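All chains should be built: construct the whole structure from the sequences, respecting the hints.
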Amino acid sequence: MVEKIRLVPTTETSHPFARADVKCNFKENGYVEDEYFVYGKANLYDANPDERPVVIVENVPYVNRMLVRRPADPARFSGNVVIELLNPTAHIDIDRIWVNTWRYFVRHGDIYIGIVSKPDVFDSLYTFDKERYGEINWPNPLPDRKEPKGLMFPLNVQWENGLLWDIMTDCGKILRRNDELNPIAAYMNTKVYLYMTGWSQCTGFINRYVRSFAQTKELKGIFDGYLNAGGGAKLTPINSYANYARGGIFGMEGWSVFGADVPFIALNTESENKMAAWGDDSDVPGDLFRSYQMPGSSHDEKNNLDDWYRDDPDLAPERRQPYRGLEGEVNNYPYTYLFHMTMARLYAWVRDGVPAPHMPRIEMERIRDEETGDYHYENLKDAFGNAKGGIRTAALDFPTARYYNWCNEPQPDGTLRHNWLYGHADPFSPALMKELYGSLENYRALVAKSTALDVQKGFVLPEDEEDIVNEIVQMAEARGLH
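Residue numbers (this note's numbering): 1 to 482.
To be clear, the hints were calculated from the coordinates, so they are not data collected in a lab.
None of the values given here were measured: they were computed from a predicted structure.
Each residue gets a CB set at the ideal place from its N, CA and C atoms; glycine is no exception.
Here are the simulated lysine to any residue pairs, SDA-like style, with alpha carbons at most 25 Å apart:
#1 K220 x G286
#2 K191 x I222
#3 K146 x V60
#4 K217 x D50
#5 K173 x P61
#6 K41 x N59
#7 K274 x E327
#8 K173 x L219
#9 K130 x T89
#10 K146 x T89
#11 K4 x W159
#12 K381 x E370
#13 K173 x D352
Between beta-carbon pairs, the in silico distance windows are:
#14 E435 x E147: 53 to 61 Å
#15 S429 x P49: 55 to 63 Å
#16 N48 x P313: 46 to 54 Å
#17 V284 x Q411: 46 to 54 Å
#18 P412 x R76: 42 to 50 Å
#19 P313 x E371: 45 to 53 Å
Shown next, in the form of C-alpha cells:
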C-alpha cells in the first residue's frame, strides 16, 4: 500500500540516474522527464506447492524510485502507459525496453514509467548521488534465514527482493488513481491502458507475478498487457531465500510459464531463443500468448549497449566502454523496428481486441551429443550462415554480414571470456557484395522491395518503412558497397 509519493527535483547539481532527456532530445520532441520516490508498505511472501503466495511478513516499509517520461502536452497522450522493471543485472538501473523502443513511444505520445526492480542497484544509486538516493530502501525483515544454495546472483542480506510483487501492484494502482498520489493524474482525461514490461532477468519477475499474483481475484485488472523481452519462460524465486530447486532465474524444470488473462507477448533475440522454452501461441481465454523471435539479433548490440552508454558521464569509465569483442564488428542488426512492431501489436490486442498475429519462429534442429547422449538445440542456418525463419527483415534477406549472438572478449589476465549475450557481425567483403548485388543503387531497390513485402506481412510498421530501408542501405555502404 502506498502512503506517499514525492517529486525529486532535477537541479543543476542533481538529476536522475539513467536519465533520457538529453540522449533523446526531449526539448525538441516535446517530452519531459521527472523522478518520484514512492513510500509504501509491502508484504513478504513464500510460495505454496502450487506457486500461490503465502504471506510470511506483513507491512514491510519500502522506498522506491519511479522515472516518468511523458508528453509535455497532456493532449498528446495516447492513453498507453508502459511500465518497465528496470533491469538490475549489471547492478545499475538499465532501461533496456526504453532504449530499444523510445522512438516509437515518443512518436505516439505514450507515457513511460521505469521502476527499480531489485535492490542490487542500490549501492550504485548511493554512489551516484547519496544525497538524492539515500532514502531508497527495501529492508530485509528476516535476515537470519538460511542462505539458499546455487544462487545465480549474490545474496545481500541487507535487502529483500521479495517486496517487488506488492511494489508492482502498488505502481499499477497508483497510475489508475485520479488524485495527488498519481504523478500522471493530469493525463487521466482519456482511458488509460497499463502495460508491464521487462528485459532479460526481469522477464522472470514478470513470469512470477503473472503465475503467482496477477491471476488472483484481488489483482485481476491491474495491468492490461505484458511484454517480456530478451528472456525465458521460467519463474524467479518468490523471495531472496526461496529454494532454487523449486524456482530459479532460468530454473524450475518442467515449468513453462506462458499466457495470462490479458495479452502477453514474449520477444526474443537469437541469444535467448534456444533456452527460452516458450510454449505454443495461445488464444485460449486465460492463456493469451504470442512468441516473437528475431533472427540476426543478439541480447546486447550496438544500439542498446555500445552506442547508448558510450561516453555517458553518469557511468564509471569501465561501464561506458565500446565493443571489445575480437571478432568482426559489433552486432548492429536493426531490431529496434521489431520492438516498434511488437508494441503496436500488443496495443491493438489490448485496446481493440485484435489478436496479435502469429509470427514464424526461428528454425531449430535437435542435436544429440554422441559422448553424453544429451540433446540440445541449434538454430538452422541459411546459405549465408544466418539463422533461418523468425521475423525477418531485408537485412537478412539481402545480407551484407553474417550475424552472431556472441563474441570473445580479452580479459586483463590475458584470457578470453566467451560472451554469449554480446553479438558481433562478420561483414561480407566489398567484392562479394558487388557480386551479389551489383551496386548500392540496385541494393537499395532490392531492400525497398523486400521491406514493402515485410510491411504487408506485418513484420515492419508502415511508419518505419523508410527508416529501416535507409539504415540497412547505410550499413551496406559502410561495409564497402558502392
